[in-house]
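Chain by chain, the residues:
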Amino acid sequence: MMQFAYAEAIFSFYALLLQLLHYMIAFKLALDHLAACFCNLFRYSQQNVTLHNLHADARNLKLPIHLGVTVAENEISVEMIATMLIWCIGLGISVITLFDEKGKFKNNIAVMMKTLQQKCEETLGKDTATLGVHFGLPKTDGVNGILCKTRIHLLSGDDGKRDIVKAAQRISADVDAGRCKSGSINTETFPQYLCALAGLPDPDLLVVLGPAFATFGYPPWNLNLTEIMHVRSHHGLQYREFLGVLRKFSKCEQRLGK
Amino acid sequence: MSWFNDVEKRGRRLCVQRFVTRVLKTGSVPKHVAFIMDGNRRYAQKNCLQRIEGHVSGFEQLAEILYWCRELGIREVTVYAFSIENFKRPADEVDSLMQLMREKFQRLLEEKAMIEKHGMCVRVVGAIHYLPVDVQRLIAEVMLFSRHNSQAYLNICISYTSRHEMCVAVKSISQAVELEYLQPSDISEELIDRCLYSNYSNSVPDLLVRTSGEVRLSDFLLWQTSHAVLYFTKVLWPEFSCWNLFAAVLYYQSQCKHIKLLSLGEHGQLVSEPGCSDHDSAQISLNKHQINSGVKSEKQARIERFLEKAETEKEKYLEELCEVY
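Residue numbers (my numbering), protein chains in the order written: chain R, 1 to 258; chain P, 259 to 583.
Hint data in this document are derived by calculation from the structure and do not stem from the laboratory.
Given the structure is predicted, the values throughout are model-derived calculations rather than measurements.
By construction, the Cβ of each residue, glycine as well, lies at the ideal position given by its N, Cα and C atoms.
Among the hints, a few may not be true.
A partial selection of chain P residues facing chain R, derived with a Cβ cut-off under 8 Å [claimed, not checked]:
1. Thr279
2. Val281
3. Glu436
4. Ser446
5. Ile517
List time: in silico SDA-like cross-link candidates among lysine to any residue, alpha-carbon distance up to 20 Å [to be verified]:
6. Lys289/P with Val380/P
7. Lys346/P with Glu253/R
8. Lys251/R with Lys346/P
9. Lys28/R with Val380/P
10. Lys572/P with Ile386/P
Take these sequences, add in the hints, and give me the full structure.
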């Protein structure tokens with residue numbers, strides 16, 4: 001009995017120490033974040049984000065051709081996401097995929113488009129059509145109408161593993177019907193059956209927005225060589241912080257196994 | 259150099275590390291950690307060593323980290339030892355890596371008593387038919403010997419890429435559909451889970467650690483790590499000490515809270531537009547209910563038969579490899 005009480009006391013002591021350690025780490029992170037915000041306050045103002053300044057910043061960066069964004073937060077601010085999209089459009093990123101596991105973006109595409117249009121006119125003084133912003137996947141017939149400078153595609157959890165499952169079902173049906181041989185399935189032929197990012201290159205960079213850092217079901221097949229970076233939240237996201245992520249991406253070097 | 263970290267060396271370990279493991283264990287510890295052991299060659303360059311010596315140091319560090327994983331109660335570890343892409347490296351480096359594998363698996367076979375003592379199940383995941391035949395045989399022996407152990411799991415990815423793994427799974431499923439062992443409607447996320455090489459795994463990785471500062475998955479467990487906490491560190495793998503492991507576990511513990519909040523937040527809303535409907539989750543519940551009633555048993559039976567057959571074929575393949583010599 002005494003031994004049990006003693007063991008319990010030791011356990012509680014260790015648990016308390018662990019809690020203290022976590023509080024200290026959280027405190028340090030909060031201080032770092034405050035310091036960063038403080039610096040931004042003096043160095044930069046959101047009003048400085050103009051089309052001209054965005055073009056200038058883009059010249060010093062190696063931009064991703066396809067930027068993936070995973071929003072992993074319960075409360076989503078459409079205005080803030082739209083603001084971030086504006087920065088991407090202004091910087092000249094060709095493809096942006098916006099993913100959230102529960103499909104909040106995909107199920108509210110009209111809201112997203114409307115908010116983006118408003119933000120575009122407010123911040124950049126032009127509408128999305130003039131800037132060559134298109135929503136959705138590229139058309140397979142090759143006819144894309146007005147020149148597309150930025151393509152924005154919204155994704156949900158259904159576009160992740162479930163897309164691979166559907167591809168497997170299609171392949172099985174083809175093999176069963178004799179339209180193809182199972183031996184022909186390899187890493188070159190398989191992606192032809194995937195739909196989520198059809199016609200788009202794999203993302204070069206995936207930014208996870210939110211306190212938890214995981215990909216949360218973003219189409220896994222396409223994350224093969226994607227640089228994955230973390231931003232603590234999209235709420236109150238500063239342009240400088242976002243630019244910092246792109247700068248870090250500019251420095252990445254890939255050896256491709258060699 | 260032992261896989262199980264020499265006992266004498268263990269005796270000299272500082273009490274501080276043991277104390278820290280006891281403190282960490284009062285919080286949540288990941289059940290399964292995956293490691294991308296990157297940075298061996300840069301370590302060799304930094305210390306003016308031959309490349310292969312970098313890989314040898316990398317192996318020694320692996321043995322050390324496995325020891326601390328056992329101390330922390332991390333039951334399953336998956337490591338990315340050699341990618342299919344790594345065959346593109348200079349021939350002499352690939353040959354020395356194959357030689358290293360030969361030595362290490364031979365050593366593992368000599369340490370059968372330790373494998374039994376720790377109840378460790380060693381599994382090699384990947385397209386092993388690309389490896390030299392004698393290495394394949396050693397691997398097959400180790401896997402067959404330890405296959406009934408269940409206290410700890412060590413999965414070593416050799417000649418592996420995640421995309422290749424997924425293609426092989428889809429290939430075997432499509433062959434089964436062609437031969438009418440399965441129907442196309444049997445194909446689900448769960449079935450693919452169980453067809454991947456890591457079907458032996460009892461769990462998907464909770465935490466993925468990549469060393470040397472790179473921040474990508476590089477074709478490693480793309481399917482399995484969709485909800486794993488990602489921990490990228492600049493430390494080179496041969497320098498990844500128990501303290502770095504403790505830091506990774508601490509980070510994992512701090513992330514657990516956020517992930518729990520995210521999964522609980524079913525009624526999270528778009529700030530500018532109230533209440534996205536939860537019709538998606540309702541539909542999923544309805545589908546699950548339909549599956550649960552009646553149709554399930556026949557479908558489940560088909561799937562279990564297919565998986566059992568695949569398992570038997572794999573074991574037969576390993577036994578045949580052992581008979582080669």
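Quick rundown of the hints versus the structure:
| no. | hint | verdict |
| --- | --- | --- |
| 1 | Thr279 | violated, 10 Å |
| 2 | Val281 | holds, 5 Å |
| 3 | Glu436 | holds, 5 Å |
| 4 | Ser446 | holds, 6 Å |
| 5 | Ile517 | holds, 5 Å |
| 6 | Lys289/P with Val380/P | holds, 16 Å |
| 7 | Lys346/P with Glu253/R | holds, 18 Å |
| 8 | Lys251/R with Lys346/P | violated, 24 Å |
| 9 | Lys28/R with Val380/P | violated, 40 Å |
| 10 | Lys572/P with Ile386/P | holds, 12 Å |
Of the hints listed earlier, those the structure fails to meet are numbers 1, 8 and 9, in rising order.
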